[in-house]
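The numbers in this note's numbering rise by one with no breaks, and the one at position 248 of the sequence shown is 248.
Derived by calculation from the structure, the hints in this document are not laboratory data. Idealized CB from N, CA, C, for every residue including glycine. A couple of the hints might just be wrong.
What the hints assert, rightly or not - Pair by pair, the computed Cβ-Cβ distance ranges are: (1) 151 - 229: 37 to 47 Å; (2) 143 - 114: 24 to 34 Å; (3) 235 - 64: 39 to 49 Å; (4) 153 - 65: 47 to 57 Å.
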Amino acid sequence: MLRRLIVVLLCTFGAALAAADTVKVGISPDYPPLAFQQEGNIVGIEADNVRALSEIIGRKMKLVPMTHDELMPALLGGQIDVIMSGMSVTPERAQKVMFSDAYMRIGQMAIMHKDKVARFAQPWSVYREGVRIGVEPGTTGAAFAENELKDAQVSFYADAAAAFQGLRDDKIDLYIHDAPTSWNLATSNTDSDLISLYSPLTDEMLAWAVRKDDGELAAELNRALGMMKSSGTLRYILNRWIPVTVEVR
(Lines of atoms letter the chains of each structure in order from A; the text may use other names.)
(Lines give C-alpha, C1' and ligand atoms only; values in the text may rest on other atoms or scores of the structure.)
Protein backbone atom coordinates (compact mmCIF):
# COMPACT_ATOMS: atom_id res chain seq x y z
CA MET A 1 0.00 0.00 0.00
CA LEU A 2 2.76 2.46 0.94
CA ARG A 3 4.63 1.64 -2.25
CA ARG A 4 1.52 2.26 -4.35
CA LEU A 5 0.92 5.62 -2.69
CA ILE A 6 4.48 6.67 -3.42
CA VAL A 7 4.19 5.63 -7.08
CA VAL A 8 0.98 7.63 -7.45
CA LEU A 9 2.66 10.57 -5.78
CA LEU A 10 5.57 10.47 -8.21
CA CYS A 11 3.27 10.27 -11.22
CA THR A 12 1.23 13.20 -9.97
CA PHE A 13 4.08 15.53 -9.15
CA GLY A 14 6.53 14.63 -11.88
CA ALA A 15 9.87 12.94 -11.97
CA ALA A 16 12.09 12.93 -8.91
CA LEU A 17 15.33 14.82 -8.71
CA ALA A 18 18.35 13.18 -10.29
CA ALA A 19 20.14 10.64 -8.16
CA ALA A 20 22.92 12.07 -6.03
CA ASP A 21 25.15 10.91 -3.21
CA THR A 22 23.68 8.80 -0.41
CA VAL A 23 21.95 10.66 2.42
CA LYS A 24 23.04 9.21 5.77
CA VAL A 25 20.11 9.19 8.21
CA GLY A 26 20.76 9.06 11.95
CA ILE A 27 18.10 7.08 13.79
CA SER A 28 17.75 5.70 17.32
CA PRO A 29 15.78 2.43 16.92
CA ASP A 30 14.57 2.15 20.51
CA TYR A 31 11.53 4.39 20.34
CA PRO A 32 8.40 2.55 19.15
CA PRO A 33 6.35 3.32 17.16
CA LEU A 34 8.71 6.00 15.73
CA ALA A 35 11.66 3.65 15.22
CA PHE A 36 12.44 0.22 16.64
CA GLN A 37 13.95 -3.16 15.82
CA GLN A 38 11.71 -5.95 14.50
CA GLU A 39 13.12 -9.24 13.24
CA GLY A 40 16.49 -7.66 12.64
CA ASN A 41 15.13 -4.65 10.73
CA ILE A 42 14.50 -1.04 11.72
CA VAL A 43 10.79 -0.33 11.32
CA GLY A 44 8.28 2.31 12.39
CA ILE A 45 7.10 5.76 11.35
CA GLU A 46 10.56 7.18 10.67
CA ALA A 47 11.68 4.12 8.70
CA ASP A 48 8.61 4.49 6.46
CA ASN A 49 9.27 8.22 6.16
CA VAL A 50 12.79 7.47 4.96
CA ARG A 51 11.48 5.07 2.32
CA ALA A 52 8.95 7.60 1.05
CA LEU A 53 11.45 10.48 0.97
CA SER A 54 14.03 8.39 -0.86
CA GLU A 55 11.54 7.58 -3.62
CA ILE A 56 10.38 11.19 -3.95
CA ILE A 57 13.76 12.93 -4.01
CA GLY A 58 15.41 10.19 -6.04
CA ARG A 59 18.32 9.67 -3.65
CA LYS A 60 19.41 6.66 -1.65
CA MET A 61 18.92 7.17 2.08
CA LYS A 62 20.92 4.93 4.40
CA LEU A 63 19.83 4.35 8.00
CA VAL A 64 22.65 4.77 10.53
CA PRO A 65 21.49 3.38 13.91
CA MET A 66 22.88 4.98 17.07
CA THR A 67 21.80 5.98 20.55
CA HIS A 68 19.74 9.10 21.18
CA ASP A 69 22.70 10.87 22.79
CA GLU A 70 24.90 10.20 19.76
CA LEU A 71 22.56 11.74 17.19
CA MET A 72 23.32 15.45 17.60
CA PRO A 73 27.14 15.07 17.84
CA ALA A 74 27.09 12.79 14.79
CA LEU A 75 25.13 15.34 12.76
CA LEU A 76 27.29 18.28 13.76
CA GLY A 77 30.44 16.21 13.17
CA GLY A 78 29.40 15.18 9.66
CA GLN A 79 28.97 11.45 10.31
CA ILE A 80 25.31 11.70 9.28
CA ASP A 81 23.39 14.17 7.10
CA VAL A 82 20.00 14.26 8.80
CA ILE A 83 18.38 13.13 12.05
CA MET A 84 15.07 11.33 11.56
CA SER A 85 14.32 9.90 14.98
CA GLY A 86 11.21 11.45 16.50
CA MET A 87 13.03 14.63 17.51
CA SER A 88 11.00 17.41 19.14
CA VAL A 89 11.65 20.96 17.97
CA THR A 90 13.02 23.09 20.82
CA PRO A 91 14.63 26.56 20.88
CA GLU A 92 17.82 25.05 22.31
CA ARG A 93 18.13 22.51 19.51
CA ALA A 94 17.21 25.11 16.89
CA GLN A 95 20.31 27.07 17.89
CA LYS A 96 22.47 24.14 16.78
CA VAL A 97 20.60 22.66 13.80
CA MET A 98 18.14 23.55 11.06
CA PHE A 99 14.76 21.83 11.38
CA SER A 100 12.56 20.77 8.52
CA ASP A 101 8.86 21.60 8.54
CA ALA A 102 7.06 19.65 11.25
CA TYR A 103 5.40 16.38 10.30
CA MET A 104 3.47 15.65 13.52
CA ARG A 105 2.18 17.29 16.69
CA ILE A 106 2.79 15.46 19.97
CA GLY A 107 3.30 16.26 23.66
CA GLN A 108 4.58 14.82 26.90
CA MET A 109 2.24 12.37 28.64
CA ALA A 110 2.20 10.76 32.08
CA ILE A 111 2.27 6.97 32.44
CA MET A 112 1.37 5.17 35.67
CA HIS A 113 0.68 1.72 37.07
CA LYS A 114 -3.00 0.86 36.89
CA ASP A 115 -3.08 0.58 40.70
CA LYS A 116 -2.70 4.39 40.84
CA VAL A 117 -5.41 5.39 38.38
CA ALA A 118 -7.73 6.62 41.14
CA ARG A 119 -5.04 8.96 42.48
CA PHE A 120 -3.79 10.32 39.16
CA ALA A 121 -6.84 10.10 36.89
CA GLN A 122 -6.91 13.86 36.30
CA PRO A 123 -4.12 15.77 34.46
CA TRP A 124 -3.85 18.34 37.29
CA SER A 125 -2.81 15.57 39.70
CA VAL A 126 0.65 15.58 38.09
CA TYR A 127 1.29 18.94 39.78
CA ARG A 128 0.68 17.75 43.35
CA GLU A 129 3.42 18.37 45.87
CA GLY A 130 5.71 15.41 46.50
CA VAL A 131 4.71 13.40 43.43
CA ARG A 132 7.53 11.04 42.43
CA ILE A 133 8.30 11.68 38.77
CA GLY A 134 10.50 9.61 36.45
CA VAL A 135 12.07 11.16 33.33
CA GLU A 136 14.81 10.40 30.82
CA PRO A 137 17.83 12.77 30.97
CA GLY A 138 18.12 15.31 28.15
CA THR A 139 14.53 14.92 26.97
CA THR A 140 11.70 17.43 26.76
CA GLY A 141 10.05 15.40 29.54
CA ALA A 142 13.00 16.18 31.80
CA ALA A 143 12.80 19.85 30.84
CA PHE A 144 9.07 19.89 31.65
CA ALA A 145 9.70 18.37 35.08
CA GLU A 146 12.46 20.88 35.83
CA ASN A 147 10.47 23.92 34.75
CA GLU A 148 6.92 23.02 35.77
CA LEU A 149 7.08 20.44 38.59
CA LYS A 150 9.07 22.33 41.20
CA ASP A 151 7.55 20.40 44.10
CA ALA A 152 8.03 16.94 42.61
CA GLN A 153 10.68 14.34 43.47
CA VAL A 154 12.39 13.69 40.15
CA SER A 155 14.33 10.52 39.32
CA PHE A 156 16.20 9.79 36.09
CA TYR A 157 15.93 6.61 34.04
CA ALA A 158 18.02 5.61 31.03
CA ASP A 159 15.03 4.48 28.98
CA ALA A 160 11.34 3.62 29.10
CA ALA A 161 11.95 -0.01 30.07
CA ALA A 162 13.85 1.05 33.19
CA ALA A 163 11.18 3.63 34.07
CA PHE A 164 8.40 1.06 33.62
CA GLN A 165 10.15 -1.16 36.12
CA GLY A 166 10.38 1.83 38.45
CA LEU A 167 6.59 2.18 38.22
CA ARG A 168 6.10 -1.53 38.97
CA ASP A 169 8.48 -1.37 41.94
CA ASP A 170 6.65 1.72 43.27
CA LYS A 171 9.82 3.82 43.14
CA ILE A 172 8.01 6.49 41.10
CA ASP A 173 4.36 7.47 40.70
CA LEU A 174 4.49 8.74 37.13
CA TYR A 175 6.81 8.47 34.14
CA ILE A 176 6.70 11.48 31.82
CA HIS A 177 7.77 10.88 28.24
CA ASP A 178 6.85 11.66 24.63
CA ALA A 179 3.38 10.70 23.41
CA PRO A 180 4.66 7.82 21.20
CA THR A 181 5.67 5.94 24.35
CA SER A 182 2.06 6.19 25.55
CA TRP A 183 0.66 5.24 22.15
CA ASN A 184 2.76 2.10 22.19
CA LEU A 185 1.09 1.04 25.45
CA ALA A 186 -2.25 0.84 23.65
CA THR A 187 -1.11 -2.21 21.68
CA SER A 188 1.44 -3.68 24.10
CA ASN A 189 0.86 -7.11 25.62
CA THR A 190 3.88 -7.00 27.92
CA ASP A 191 2.99 -3.65 29.53
CA SER A 192 -0.75 -4.16 30.04
CA ASP A 193 -0.36 -3.31 33.74
CA LEU A 194 0.53 0.29 32.84
CA ILE A 195 -1.70 3.06 31.52
CA SER A 196 -1.29 6.60 30.19
CA LEU A 197 -3.39 9.67 30.93
CA TYR A 198 -3.40 10.35 27.14
CA SER A 199 -3.70 14.05 27.95
CA PRO A 200 -0.72 16.05 26.61
CA LEU A 201 1.14 18.07 29.23
CA THR A 202 3.05 20.01 26.56
CA ASP A 203 2.60 21.01 22.93
CA GLU A 204 5.48 19.88 20.71
CA MET A 205 6.20 19.36 17.04
CA LEU A 206 8.33 16.59 15.56
CA ALA A 207 10.66 17.41 12.67
CA TRP A 208 13.89 16.29 10.99
CA ALA A 209 17.19 18.06 11.62
CA VAL A 210 20.08 18.93 9.30
CA ARG A 211 23.19 21.06 9.76
CA LYS A 212 22.62 24.80 9.59
CA ASP A 213 24.81 25.07 6.48
CA ASP A 214 22.78 22.41 4.63
CA GLY A 215 19.81 24.48 3.53
CA GLU A 216 19.69 22.65 0.19
CA LEU A 217 18.92 19.33 1.88
CA ALA A 218 16.39 20.99 4.19
CA ALA A 219 14.59 22.47 1.18
CA GLU A 220 14.64 19.07 -0.54
CA LEU A 221 13.10 17.39 2.50
CA ASN A 222 10.46 20.11 2.88
CA ARG A 223 9.38 19.80 -0.75
CA ALA A 224 9.05 16.04 -0.37
CA LEU A 225 7.23 16.37 2.95
CA GLY A 226 4.74 18.74 1.36
CA MET A 227 4.04 16.14 -1.31
CA MET A 228 3.64 13.41 1.32
CA LYS A 229 1.09 15.53 3.19
CA SER A 230 -0.96 16.53 0.14
CA SER A 231 -1.04 13.00 -1.29
CA GLY A 232 -2.08 11.28 1.92
CA THR A 233 1.17 9.31 2.16
CA LEU A 234 2.10 10.81 5.54
CA ARG A 235 -1.36 10.18 6.97
CA TYR A 236 -1.17 6.57 5.79
CA ILE A 237 2.20 6.09 7.50
CA LEU A 238 0.97 7.57 10.80
CA ASN A 239 -2.25 5.54 10.77
CA ARG A 240 -0.26 2.40 10.08
CA TRP A 241 1.72 2.68 13.32
CA ILE A 242 -0.35 4.76 15.76
CA PRO A 243 -3.53 3.30 17.35
CA VAL A 244 -4.88 6.76 18.28
CA THR A 245 -5.65 9.93 16.33
CA VAL A 246 -2.87 12.50 16.02
CA GLU A 247 -2.71 15.93 14.42
CA VAL A 248 -0.63 16.55 11.31
CA ARG A 249 0.44 20.02 10.17
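Problem - Satisfaction of the hinted span 37 to 47 Å by the C-beta atoms belonging to residue 151 and residue 229 - result: holds (41 Å)
Practice task
Starting from the hint 39 to 49 Å, judge whether the C-beta atoms of residue 235 and residue 64 obey it.
Solution key: violated (27 Å)
Handout entry: Outcome of range test on Cβ distance (residue 143, residue 114; 24 to 34 Å)
Key = About 27 Å separates the Cβ atoms of residue 143 and residue 114, which means 24 to 34 Å holds.
Problem - Consistency of beta-carbon spacing, residue 65 to residue 153, with hint 47 to 57 Å - result: violated (34 Å)
This entry does not satisfy hints 3 and 4, going by the numbered hints stated previously.
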